[in-house]
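Take each chain as given, in its own frame, and dock them per the hints.
Residue numbers (my numbering), protein chains in the order written: chain A, -15 to 238; chain B, 2 to 603.
For the record, the hints were derived by calculation from the structure and aren't laboratory data.
We treat Cβ as the ideally placed atom computed from N, Cα and C, and that holds for glycine.
Be a bit skeptical, because a hint or two may be false.
To be verified - List time: in silico BS3-like cross-link candidates among lysine-lysine, alpha-carbon distance up to 25 Å: (1) A:K184 - A:K229; (2) A:K68 - B:K350; (3) B:K370 - A:K68; (4) A:K196 - A:K184; (5) B:K351 - A:K68.
Stated by the list, open to error - From the structure, some residues in chain B lie toward chain A, with a derived Cβ separation under 8 Å: (6) H8; (7) S41; (8) L43; (9) M50; (10) G106; (11) D110; (12) R116; (13) L139; (14) D147; (15) W211; (16) H282; (17) A364; (18) Y473; (19) Y521.
As the list claims (entries may be wrong) - Restraint ranges, calculated between C-beta atoms of paired labels, are given here: (20) A:E103 - B:D391: 35 to 41 Å; (21) B:A566 - A:Q122: 23 to 29 Å; (22) B:K549 - A:R120: 31 to 37 Å; (23) B:T182 - A:E152: 23 to 29 Å; (24) B:E481 - A:R12: 33 to 39 Å; (25) A:P89 - B:A300: 51 to 57 Å.
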Amino acid sequence: MSAGPVPVDAGTREVVLRVWRGDASGGREVEYRVPVETGMVVLDAVHWVQGHLAPDLAVRWNCKAAKCGSCSAEVNGKPALMCKSRMDQFAAGEPVTVRPMKTFPIIKDLVTDVSWNYEVNKRIPPFRPRPGADWRWQQSDVDRIQEFRMCIECFLCQDVCHVLRSHELKHEFAGPRFFVRIAGLEMHPMDGEDRSRFLKSEAGLGLCNITKCCSEVCPEHIHITDNAIIPLKERVVDRFYDPLKWLWRKITGK
Amino acid sequence: MEPIETHEHDVIVIGAGGAGLRAAIEASSHGASVGLVCKSLLGKAHTVMAEGGIAAALAHVDPQDGWQTHFRDTMKGGSFLNHWRMAQIHAQESPDRVRELEQWGALFDRTPDGRILQRAFGGHTWKRLAHVGDRTGLEMIRTLQDRGVHQGLEVFMECTISRLFKDGDRIAGALGYWRATGQFVLFRARAIVIATGGIGKAYAVTSNSWEYTGDGQALAYEAGAELIDMEFVQFHPTGMVWPPGVMGLLVTEGVRGEGGILRNSKGERFMWNYLPEARRHEYAADEGEARRWVEAAVAGKQTQDRRPPELSTRDNVSRAIYTEVREGRGSPHGGAFLDISYLPAERVKKKLPSMFHQFMELADVDITKAPMEVGPTTHYVMGGVRVDPDSAASTVPGLYAAGEAAAGLHGANRLGGNSLSDLVVFGRRAGLSAAQYAKALATSPTIPAGEIEAEQRDLLAPLERGSGESPYEVHRALQECMGRRVGIFRTQQDLERGVEELAALQARAGKVRVEGSRVYNPGWHLSRDLRNMLTVSEAVTRSAVLRKESRGAHSRLDFTAMDPALGKVNMCVTRKGGAMSVAPTPLPEMPAELRALFEEKS
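In isolation and in its complexed conformation, chain B is listed as follows (with noise of 0.2 Å):
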């Protein structure tokens, strides 16, 4: 085998969006020397797409919110499936990581005080998602950028991580390859961070870039780490259904957080069809009621009135859209109609100005004039690597996860903007503890010599095969699979072929052949992120066989309601003697006290 060049660092991060970058700079500031891996350029990762806002009780706007709203908020989103601490530190921790993100340089639109401003979204009580028009992604990882590059972070860009290595049961560093030439890279660390996103490519209407492809949940768990809630994929409601070629594209939520109204070719404002009864005394209850709050809005004034129907959790509303397509009221183009036109034009450019261009150039949609088409895409998994709430720590020694990679936080269905909270938050708490690990470990360890070289043979492979088939047509047909069998609405039948099709795939993937040569080759890339892909997609099928009930993003057509038992578990995924093995483990009891914010809103 060829000479590697190598690399060691106290902490490998994976992954450079929001939360790979949070980590890194808090790593490398408690005195860690932080290596910072990602597979595309520096600032590209999907955070820059996020758009609505990030999720923080500062109670600029309403004065009556609180880390115990934001707390029951997040939980009741979650269908109580999250863990009860991942939330309580996230609402108690968003606010002091907004104002830090400000501290750094990053602006956010302000209240007519000159505070931070906030605005609503879907499943929030109060006004909570702090903003900067429909950028706020943008504005974040340019700050994050910024901060961790004038910090001294190493950042290996176009860089992808293919396995990762131990020695006994702890952490001892990964293998990977420059994108750019294709040669080998080893890191040897004594702490990995997996920030690597979420799972989407698996699905071909997604809002997920090609960078989705599961690595950490498959590294982790491919390194003993245990997966949760992997059956919980949030479907978006509101993906681009029109023209082909931008299907899945996200119109963001804060189009419906400004009045936007969801209508079924009918005209009707289906939404208030699909409120579940015990949380439909939150939303307003007619059309004046609805319109009373957008102007309210509009004109930055408290209310008494109740936010609209579109402002129902994500899940729910992709389900209504899903519906109402599937009972023949569907758009022309088999979505639903988001209408914001009705406000004044100048409203709709200044608060939304990269939809009102998207629309334009993209579809010849003029937002300020005519509705715009949306269906469900694919957009997010609450499921990942399990970790312990305070210190985002793996269930292997050395090993922490953040962001959409980790799990816990969001339960059954994420709430919109929790999301840009959540890597801050979580990003921070994992950098501290993989820092504080490393500096802890008496003596380096040492990666066994014989898996090197085993991870460079697996991954030449494809490109020394004689014959075999291309990866993009196991890639497509993996896709099809997914959205097929488990998709918005799933049945015990669907799922168990989808086990069956998904093994075929695996050994289909192991004999695909790859052209050219090493430099640059996306068909390279491709079969080895596949194998990802592949892992990820038959955990999300096998652990939603086993839940057999209706809940959050999981809706099962043979089990439509809610199992008060399974409600008490989650699905844990993981590796044992080579083979995916799942079962239900149990969830953490809330403490009484917390159990409590519930009892008296009740």
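Okay, chain A solo, but in the shape it has when bound (with noise of 0.2 Å):
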């Protein structure tokens, strides 16, 4: 049997990464060379000058994997986890950048207060099943809103999505993230709440005008605007402005 793809060791390089330090007060890029190793990730490179040069660089991390959204920064401008942008992607010789999420308040170097998400997560109304629902289902159910639920709350459609990053409605726009979570709620085969007034007034769905910014660099692949902000805008337009079924509710007291 063959050894499969064995990747060839380029050998050890250097790379200059310029992270940005500072905390609320204000800061700036600092270079720091890293010696690199074949299949090197940027969170390596940065818990490399963590270990090295930098003891205090704070940044936050768990799994290292994809699973846990822990990592997420601005590599070279671009929304990303550091933990699954591969240091091999970068042209050779040039600077890699890793700032912070410029969404969210700075606490110190990479690290941002990202707390709103999860005052807005409390808000939203929780699964409640159906009445004398039969607890039995296809696995074309699961299937449909895996997709959904495969959300590792890393906040990087949170980042990026204009609502929240250049016109700060944080006050009246829950963001991507939570119209995934609530296409999860809303889709389970259990579950019997209406979230739809919530979806209009406080979470401010109209506000989204799709431009798909969020679903570009979901690190889980989640079609967050067609698959779960598109289907959720119709079910307010549904609930809200069908005349007939606003008569149909008006007549009948639904």
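Structure follows, in structure tokens:
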């Protein structure tokens, strides 16, 4: 049997890593020279700096396998998980820039205050099973909403969304992460809650003008706009703007 | 000393993985005010990485299954060093805990008749693991997280607990610091639940995150609790070995559960050579039978064929791969080949999606076309805080422990899938007991004031020292020592040297210097976590010295057989006069009706 593809060891080379260092009062990019091994990712490079040159360099991480969504940052200007950003994707000789997510307040270096997201989540009406539901359903029901439940809460979609990033409308817009969350609840085969009023008012779903930036940065490849946001928008339209349904509800009181 | 932010709760839960969340939910639903403290952001704990599934004898796929078989498998997997009562409770209650998760909104894969689907796993007689593809842990933690948040838990994220306090002999509270600001925070509590997970960061090659520094075991030990079974560290057989940046990253046992085959560089399917004789009859006799078993599993059919040899227990598979590599039959990067590419590509992508992406993106390997290279990685500690099986109470009044931080359920080796079920079964029991204990206390305990200040001074010392080495240096040296002296195969000489080296490292750790301020300073955080890692490493090593036999995950090159006398004792670690003491304590005896379960089988 064959040994499978064995990557050729490129040998150790050095890369210039420009890391944003600072806090809420300001900061700047600091250059570090980092030896790069085959298969190394940006998070490894940041850890190398931490372990050898700057022990107080602040960075969040946990799993190193794109499963926990902790190490979100902007690598060469692009929102990405550092644990999934291979060093060998960058042109040799070019510096690699790592900055914190822009949409959230800085705590220190690459760490931002993402607590707002947890506050939004608290307000979402939770899973509420339909009374008397038969707890049997098909694999196809699971497959249909698997996608939404793959979200690892890296908040990169929140970071890139212009409603939050440029217009700073955190007080009236829940953001793509939570539309994904709500889609996962709304399409759960057993769920009996109606979140359309929440979506329309508190979550500000109407503010999304479907530019799909969120879908592009999602490390889990969730089709946030097409599969979560647009169907939810349709639900809200059906619920509040369909004249026939409005009339039906008036008559039946439902 | 600065004035301290103070919170008062009936119950403080330390750790917000599956066990901590489940404990907090239970305590809160019994009317206790609960504070949940975690080192990372909520939802990032290690549970999120669990892939394969949660073991529960639901008997949806194999109707022959039942709690008795699950109990038997767990005891056999643990080489009978498990606390029988914990194994019994676990096997009996895990089906209810799985159904409860479903009722709280978790979605598991389905059987054709619409019930929870179950897959095969190492050491489990029947298909037993409820799962969602290979992201079961994520589904579980999100479900628990949302349940907890909407139940009104107060969550303290990115907050590290550094010391427990007692009023006389009972728990009174804990001191911690906010990682973001470095400011201290005091928790006054009637009861504390430890759910801090494992110790993997004491080793260099590990599937564990930075959080796994043995905090709970060390805090409990310092507070006077007993630790048992610390010598049993599970090396998961399949971690990634290439490229270097991802070394140790977990490859789910689900790959083997779905039919993954292990081969050496000569193309030999070596696992047949390593099956223990006593259990050989449980496994397929040849390639043909193993293939028929996989075909039946893919088709969702019952079969009389026995499972492939790759589904042996983790301790055994780890030793097998290690031995193949040591004897010169390893893969190019020092592992074994794990091949699932003979199955249809669509099946692999559907059942193992995150493995597919992990190898594609981090190693340039398409697992639907080529084998993975895998080798052992430090994964889990079977040992931990000794608890009462029914109440999860430690030997310190008011202190409880659950999940990986507690000991007893898994004995000498944990079966895959038994961890997620452990979290919810004993997390629930710990939360319930802590709430009841807190309610029954007549008066609130008080924390001796001097101890709070002493701990603050201790914490700040590395920032105030004018000189000293970096904590990262000492951490690297510790990992090197543990890997070399206390790894998969152990000897008396290595272990004794390990004890000496750890003493030297403890002295170095006491003199480290940290640069920078208290604001989100990982070097400073490590200086404290290091103390915990050294404490648990010493416990692992000293316990391993005394266990002069090979059992489960503890393999001695100088004592290769099991010693029946040692099968009747746990190594118990306690603090006596400021020093660590380890001594054997008798294992509780299994009642006759449970013993009969083994006799009728053999």
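Violated hints - listed by number, lowest first: 6, 16, 21 and 22
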